[in-house]
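Visitor: Mind docking these for me? Both chains are given alone in their own frames, and the hints should help you get the complex.
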Amino acid sequence: MARGGGNRSRLLLVILLVTALFFITLDLRGVSLTKGSRSVTQTILSPVQRTVSTIFSPVGRFFGDVKNFGKTNAELKQELAANKLLKSELAANADTKGELAQLKAVLDLAGRGNYKVVAARVIARGSAASFSQTITIDAGSASGIRSDMTVISQNGLIGVVKSTTSSTAIVLLLSDPSFKVGVRIARSQSVGVLSGLGSNEYSLVLLDPAGTIKTGDILITNGSVGNKPFVPGVPVGAVVGVDNSSASLTQTATVNSYANLNDLGVVSVVLSAPATAPSRPLLPTPNPTVTVYVTAPPVPVLSPSPLPSPSVSPTKKK
Amino acid sequence: MSPVRIIYTLSFFFVLFVVQESAVSLIHFPISGFSLYLALAISLIAFEDHNGALVTGFLAGLVLDLSPSSNAPFGQWALILTSVAFLFAVNRDSIADVTASPITFVIVVAGGVTLALLSYLGFGALLGEQNGSFGHDATVLGGNLLWTVIFTPMFLPTLGRLHEYTLTARER
Numbered sequence: 001m002a003r004g005g006g007n008r009s010r011l012l013l014v015i016l017l018v019t020a021l022f023f024i025t026l027d028l029r030g031v032s033l034t035k036g037s038r039s040v041t042q043t044i045l046s047p048v049q050r051t052v053s054t055i056f057s058p059v060g061r062f063f064g065d066v067k068n069f070g071k072t073n074a075e076l077k078q079e080l081a082a083n084k085l086l087k088s089e090l091a092a093n094a095d096t097k098g099e100l101a102q103l104k105a106v107l108d109l110a111g112r113g114n115y116k117v118v119a120a121r122v123i124a125r126g127s128a129a130s131f132s133q134t135i136t137i138d139a140g141s142a143s144g145i146r147s148d149m150t151v152i153s154q155n156g157l158i159g160v161v162k163s164t165t166s167s168t169a170i171v172l173l174l175s176d177p178s179f180k181v182g183v184r185i186a187r188s189q190s191v192g193v194l195s196g197l198g199s200n201e202y203s204l205v206l207l208d209p210a211g212t213i214k215t216g217d218i219l220i221t222n223g224s225v226g227n228k229p230f231v232p233g234v235p236v237g238a239v240v241g242v243d244n245s246s247a248s249l250t251q252t253a254t255v256n257s258y259a260n261l262n263d264l265g266v267v268s269v270v271l272s273a274p275a276t277a278p279s280r281p282l283l284p285t286p287n288p289t290v291t292v293y294v295t296a297p298p299v300p301v302l303s304p305s306p307l308p309s310p311s312v313s314p315t316k317k318k
Numbered sequence: 319m320s321p322v323r324i325i326y327t328l329s330f331f332f333v334l335f336v337v338q339e340s341a342v343s344l345i346h347f348p349i350s351g352f353s354l355y356l357a358l359a360i361s362l363i364a365f366e367d368h369n370g371a372l373v374t375g376f377l378a379g380l381v382l383d384l385s386p387s388s389n390a391p392f393g394q395w396a397l398i399l400t401s402v403a404f405l406f407a408v409n410r411d412s413i414a415d416v417t418a419s420p421i422t423f424v425i426v427v428a429g430g431v432t433l434a435l436l437s438y439l440g441f442g443a444l445l446g447e448q449n450g451s452f453g454h455d456a457t458v459l460g461g462n463l464l465w466t467v468i469f470t471p472m473f474l475p476t477l478g479r480l481h482e483y484t485l486t487a488r489e490r
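Sequences listed follow chains A and B, in order. Okay, so the first sequence: first residue is 1 according to my numbering, each after it adds one. Okay, so the second sequence: first residue is 319 according to my numbering, each after it adds one.
With the rest of the complex left out, here is chain B (with noise of 0.2 Å):
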């Protein structure tokens, strides 16, 4: 990954990050909510090749961390988003190339998006961190799944053709 792409994503990141804290929070979903970063984030990771999706994952939860409202300690996001990265960038080729089908691609993007927030969960529990009832966190992942099925698809053709346009020539 190139330093000028480092640069793009860390700043598309940022905004992205400031329009969920801002804007997406004050939506009051009927079950749980919906994270349109964890979302695009794992969405971005799927289209990456291995370094880049190392790399991207560790940004995207970089920028994660710096929540304020975040009870957990910085860094946190950062660990398990490279490691859901990782399983990505290890598995992608095993599982052929899921960009290729939406179907496949938004069930991919929804498994990492709970993968994610089941890792935060368990990573939390072993810090110990108070994460609620069984059935809370059970609406939680489940509504989050729920959402990103139904939202992934909207945004997808947009981000595609935006991870498009930041590769460079070599990297195309």
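Isolated chain A (complex conformation) (with noise of 0.2 Å):
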């Protein structure tokens, strides 16, 4: 310190160091000054983003490709192998589908077509600054697009969307670790969260303490009130393995998502769901019970001078 300037250089530093303490203070505390710049950036942002997207996506996937390369046609071969598979039991459950049909009404599981959403691009993926997983799409509050919007792909849940300029938004994606989602198995209905771990596995922590998890069970989103930010029935993903630990109070399990996160290259913000989704939980219909009342046969009175009937009249002695 002593080589560097002495006192100036010393007092240099407090004044940077006091002036970030600053600015963190001011942010925490809400002011707009600090999130409207970020908004501004963002605004600036977007075009550059948008133009850099259409030539660059090609090179962006090189990697992926390449990594990918030798292992699609294994990745093929096996999907035939699945597909026949498939066909077979297809045709020896054909009686099932009356059963399919009805299981479709009751749970209305994705309601995908229903759902009114926005299509859009992705145009930037992740961030220098950060730990936090996003992606910028091409559709902004221009297009209708507000904050707390639920973010689906073809497959299902991919996040929510944190902020908005006029033509861009930001979406914060499932795998993100501070991203926290209400899901219910559509096996039994039980509710829990599910939380993104940083990677493409997520945790999933059931809310009742006497329900069950079993792999492959499959979770949906539950809804928030008000369809923001989530819209119930969105398929989120399914369960691949089970933590029977004996220690925790209730039961935990580790998911894998429908949405594949790393291939992202058009997705939909739902801007509203329909009316006729249900906007809590679905739960079991209760059965229609028949209730009889059991009542005691009425007991006859026995008076000694029993009053005399009104309809009979005493006959008068001549």
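The hints are simulated quantities; they were obtained by calculation from the structure and are not laboratory data. One or more of the hints may lead you astray.
Listed next, the stretches of chain B that the computed footprint assigns to chain A, with coverage defined by at least 3 CB atoms under 8 Å from CB atoms of chain A [unchecked claim]:
hint	stretch
1	342 to 351
2	383 to 395
Using C-beta positions, here's what the derived DEER-type ranges look like [what the hints assert, rightly or not]:
hint	chain 1	residue 1	chain 2	residue 2	range
3	B	Ile349	A	Leu85	33 to 43 Å
4	B	Pro475	A	Leu207	52 to 62 Å
5	A	Ser39	B	Ile349	24 to 34 Å
6	B	Phe473	A	Gly30	31 to 41 Å
7	B	Gly460	A	Asn73	24 to 34 Å
8	B	Thr476	A	Gly30	39 to 49 Å
9	B	Gly460	A	Gly6	37 to 47 Å
10	B	Ala418	A	Leu11	27 to 37 Å
11	B	Thr476	A	Lys84	48 to 58 Å
Non-contacting residues of chain B with respect to chain A, defined by C-beta distances greater than 10 Å in every case (computed) [unchecked claim]:
hint	residue
12	Val322
13	Phe423
14	Leu464
15	Met472
16	His481
Glycine residues also receive a C-beta, built at the ideal position from the N, C-alpha and C atoms.
Guide: Dropping the structure here:
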């Protein structure tokens, strides 16, 4: 320090650190100046990001394509074999079609076609500035997108809108460590909380102590009040491993999401859920029961001097 | 650091920030990602003298704080990069001139990037931010370290020339 200029350098260091702390304090106290600066940056960045995305996206996928090059052929063979198996199962289970239709009516799982959505292209991904996992899409408030709206891909939930400008929006991905979504298990209707872990795996904590999780259980969004941030019924993922530790009060599980967050090209933002969609978790409808009240038979009243019946008039003696 | 160089540095960091957010972020690196911005910022800090390093670190952090997708409070990166710059400035004389040897320079830059990211994690944890599992964070840190070691030699000569170009006669 002494070599670096003594008191003047020390003063400079203190001034810079205090300024940084001043900004942090302002931000944590919710001063709009600091939040506004990020919004302005996003507005400036979005046209550049859109242009660069168009030119740069083939290059961006280069590493991923190289990595998956050898895997694709093997996967294709595997998928063809699985397809044959599924076809034979489909023929054998033709009689279950009726049940399937009923199930569809009851669960109304995704209701994909019924959501009012806005499609958008992914124009940027992630940030140099943080460990948070986000994408930027090329549709914003001008398209009706607002903060806290559900974002889905063709396979299910991928995240929630974090902030918007007129032409872009930043989406917080499902895999972000701060991401939490209320889900329910389609099989048992048990409710839990799914959290991102920063990787391709997710953690599910069941809220019901008596509930059970099984490998392969399908998870769908539980829905939020007013459909913000989550609309109900969107497929989230499937359970791949259950933690049967006796130390915890509730069951936990590892989940894989249906949506591949590493290969997002086009996504949809759900503007509104259909009126028929359930705003609360689908609970099993109880069967109507017949209630029978058993009452005691009327007890005859024994009176020493019964009152004369009004219909029978006493005969007059002549 | 002269006001003209402050404007140059700020402009340079802003252009770099746009490149990072628009282009580099789109590349799916096999192991985590690469922060070109941090690598170049730390390199510039290493090139500077004591006061220059502090101001460069602060400016680099301030521009990085503008990132719209960041969860951290505005000013966190400014604080961290100023602190890292201070460490560089204090220790640069004791470890000789890092710019003299390219290998030493790359190691110092990669170490600086890792230190900055670690400080970000640590400070974020103090503020209650959720930064993911240990494995995920370790992958991000390791990935950044690896890509910084690989890519820094590519831009080092150009950056050195650019830095020389922006120096005033007095600073030379």
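Visitor: Could you run down the list of hints and mark each one as holding or not?
Guide: Status of each hint after checking the structure:
{"no.": "1", "hint": "342 to 351", "in the structure": "holds (count 8)"}
{"no.": "2", "hint": "383 to 395", "in the structure": "holds (count 13)"}
{"no.": "3", "hint": "B:Ile349 to A:Leu85: 33 to 43 Å", "in the structure": "holds, 35 Å"}
{"no.": "4", "hint": "B:Pro475 to A:Leu207: 52 to 62 Å", "in the structure": "holds, 58 Å"}
{"no.": "5", "hint": "A:Ser39 to B:Ile349: 24 to 34 Å", "in the structure": "holds, 33 Å"}
{"no.": "6", "hint": "B:Phe473 to A:Gly30: 31 to 41 Å", "in the structure": "holds, 39 Å"}
{"no.": "7", "hint": "B:Gly460 to A:Asn73: 24 to 34 Å", "in the structure": "holds, 30 Å"}
{"no.": "8", "hint": "B:Thr476 to A:Gly30: 39 to 49 Å", "in the structure": "holds, 42 Å"}
{"no.": "9", "hint": "B:Gly460 to A:Gly6: 37 to 47 Å", "in the structure": "holds, 39 Å"}
{"no.": "10", "hint": "B:Ala418 to A:Leu11: 27 to 37 Å", "in the structure": "holds, 30 Å"}
{"no.": "11", "hint": "B:Thr476 to A:Lys84: 48 to 58 Å", "in the structure": "holds, 56 Å"}
{"no.": "12", "hint": "Val322", "in the structure": "holds, 18 Å"}
{"no.": "13", "hint": "Phe423", "in the structure": "holds, 20 Å"}
{"no.": "14", "hint": "Leu464", "in the structure": "holds, 13 Å"}
{"no.": "15", "hint": "Met472", "in the structure": "holds, 16 Å"}
{"no.": "16", "hint": "His481", "in the structure": "holds, 19 Å"}
The structure is consistent with each of the numbered hints, conforming to all of them.
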